[in-house]
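Going by the UniProt record's numbering, the sequence shown opens with residue 1, and the numbers climb by one from there.
These are computed hints drawn from the structure, not numbers from a lab. Yeah, the Cβ is synthetic: ideal placement off N, Cα and C, and Gly gets one too. There may be inaccurate statements among the hints.
Said to hold, decoys possible - Label-pair distances were calculated between CB atoms; the ranges are:
no., residue 1, residue 2, range
1, D361, P123, 24 to 32 Å
2, D361, D120, 32 to 40 Å
3, G96, S338, 45 to 53 Å
4, V103, A199, 27 to 35 Å
5, V243, A100, 19 to 27 Å
6, N335, W185, 31 to 39 Å
7, D361, Q265, 42 to 50 Å
8, L115, A199, 14 to 22 Å
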Amino acid sequence: MLSIHRQHAPAARGHVRRQHAHICRAVRPAAQRQLQLQRAARLLTRADPESNSSTTATKQDTSSSSSSSSQVQPGLAGGLLSLPEQQSAAYLFLTGTSVAFGVAALAAPQLLLTLALGVDATPLDVAFTRIAGATMAISAAVEYSLQDAVVAGHLKSSTYQRLILAILGKNCLYLAAFALSPGLWSPVLFSFYPTAAAASIVINAATLRSGFAQAGAASAGDGLASLAGFSVPKTPAGWTYSVFILLYAATVAACYAPEVIFTGQPMTAAGQLLKHTWAPGFLLAGATCWVLADAADRGRLGASTFRRLNLGLAAVEAGYTAVFGWSIASGLAVNDGSSWSNLAGSAGITLYCLYQYVTNDKSKK
Numbered sequence: 001m002l003s004i005h006r007q008h009a010p011a012a013r014g015h016v017r018r019q020h021a022h023i024c025r026a027v028r029p030a031a032q033r034q035l036q037l038q039r040a041a042r043l044l045t046r047a048d049p050e051s052n053s054s055t056t057a058t059k060q061d062t063s064s065s066s067s068s069s070s071q072v073q074p075g076l077a078g079g080l081l082s083l084p085e086q087q088s089a090a091y092l093f094l095t096g097t098s099v100a101f102g103v104a105a106l107a108a109p110q111l112l113l114t115l116a117l118g119v120d121a122t123p124l125d126v127a128f129t130r131i132a133g134a135t136m137a138i139s140a141a142v143e144y145s146l147q148d149a150v151v152a153g154h155l156k157s158s159t160y161q162r163l164i165l166a167i168l169g170k171n172c173l174y175l176a177a178f179a180l181s182p183g184l185w186s187p188v189l190f191s192f193y194p195t196a197a198a199a200s201i202v203i204n205a206a207t208l209r210s211g212f213a214q215a216g217a218a219s220a221g222d223g224l225a226s227l228a229g230f231s232v233p234k235t236p237a238g239w240t241y242s243v244f245i246l247l248y249a250a251t252v253a254a255c256y257a258p259e260v261i262f263t264g265q266p267m268t269a270a271g272q273l274l275k276h277t278w279a280p281g282f283l284l285a286g287a288t289c290w291v292l293a294d295a296a297d298r299g300r301l302g303a304s305t306f307r308r309l310n311l312g313l314a315a316v317e318a319g320y321t322a323v324f325g326w327s328i329a330s331g332l333a334v335n336d337g338s339s340w341s342n343l344a345g346s347a348g349i350t351l352y353c354l355y356q357y358v359t360n361d362k363s364k365k
């Protein structure tokens, strides 16, 4: 009996080996596919969280959609414009509005003033309208970036929450400028000036609420508290953007001060309103520099959001440089050292932001 088992043992072992080889051949393709999926997942996690990608890369700015939904606080969830589809459409509308007004103010300022205010525009009014139009470039850049963030599920990022707060502040200044010029109120002006600002406030307040909910904030107050503070810059770019913040703060203050540069013609009521409308745009530009300073210190200037913001700032300053240079040449602005230093500062910001836009490519990160 023992000899029979010994005779059959080699055949049995051969049969087992054949079965094992057959199983390995069957399992190997599945294992290879699993390995390929794991490699693809690792590559995706390196993607830029502040770009159009829906993947995540940093602890500060991103999380997956599943973890975001699991952290939403009931007290902040729901309400007006709580769905991403609604928020995305709203930001596309705001972006289109900013682009349309900016183009109209730059290309046809006299026609715009006649339709909106019913006044005969002076050359100074025309210059002020074009500057107001140039400031819309940063509004469009920020609003489109927020639409991008909504689609990618990145509203929990402090980057985008700070941009939303800046837009809210911008629109409050728009309403203040309107309130300071009751003599110019007209049905046409009412139909788009305060209503557009109020609509933007509603949209951004609802989106900020969603962002706080995604970030796990127990209340709006907790969410706001998490955004406070300003750290000391750690990089040359961070310091440069911080200097820009101070320049924009001074520019906003100058929008409400007596005019000392554009003195070639008397200031009209329309011109005063237009000058006040610069302040919201420059406030948003300063807040954008705050966000860019933080991005520079984190080595994130190559992300599409920050490249877009740099391009928006460059467009604002390029428009201002062109209009202000023309104003000096035509005698609307004083031709002295203060004007030329102003012009040089604006041109410098333009070139610096363009440099950051060109040299920081996320594909090289």
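Status of the given 27 to 35 Å range, CB of A199 versus CB of V103: Violated: the Cβ-Cβ distance is about 20 Å, outside 27 to 35 Å.
32 to 40 Å was suggested as the range; check whether the CB atoms of D361 and D120 agree with it. At roughly 48 Å between Cβ atoms, D120 and D361 fall outside 32 to 40 Å, so the hint is violated.
So does N335 sit 31 to 39 Å from W185, Cβ to Cβ? About 36 Å separates the Cβ atoms of N335 and W185, which means 31 to 39 Å holds.
Taking the Cβ atom of L115 and the Cβ atom of A199, is their distance within the range 14 to 22 Å? 20 Å, holds
Given a hinted range of 24 to 32 Å, is it respected by the beta-carbon distance of D361 and P123? 42 Å, violated
CB of G96 to CB of S338, is that within 45 to 53 Å? 37 Å, violated
V243 and A100, beta-carbon distance inside 19 to 27 Å? Because 33 Å falls outside the window, the suggested range is violated.
Taking the Cβ atom of D361 and the Cβ atom of Q265, is their distance within the range 42 to 50 Å? Cβ of D361 to Cβ of Q265: about 45 Å, so the range 42 to 50 Å holds.
Violated hints for the displayed structure, listed by number in ascending order: 1, 2, 3, 4 and 5.
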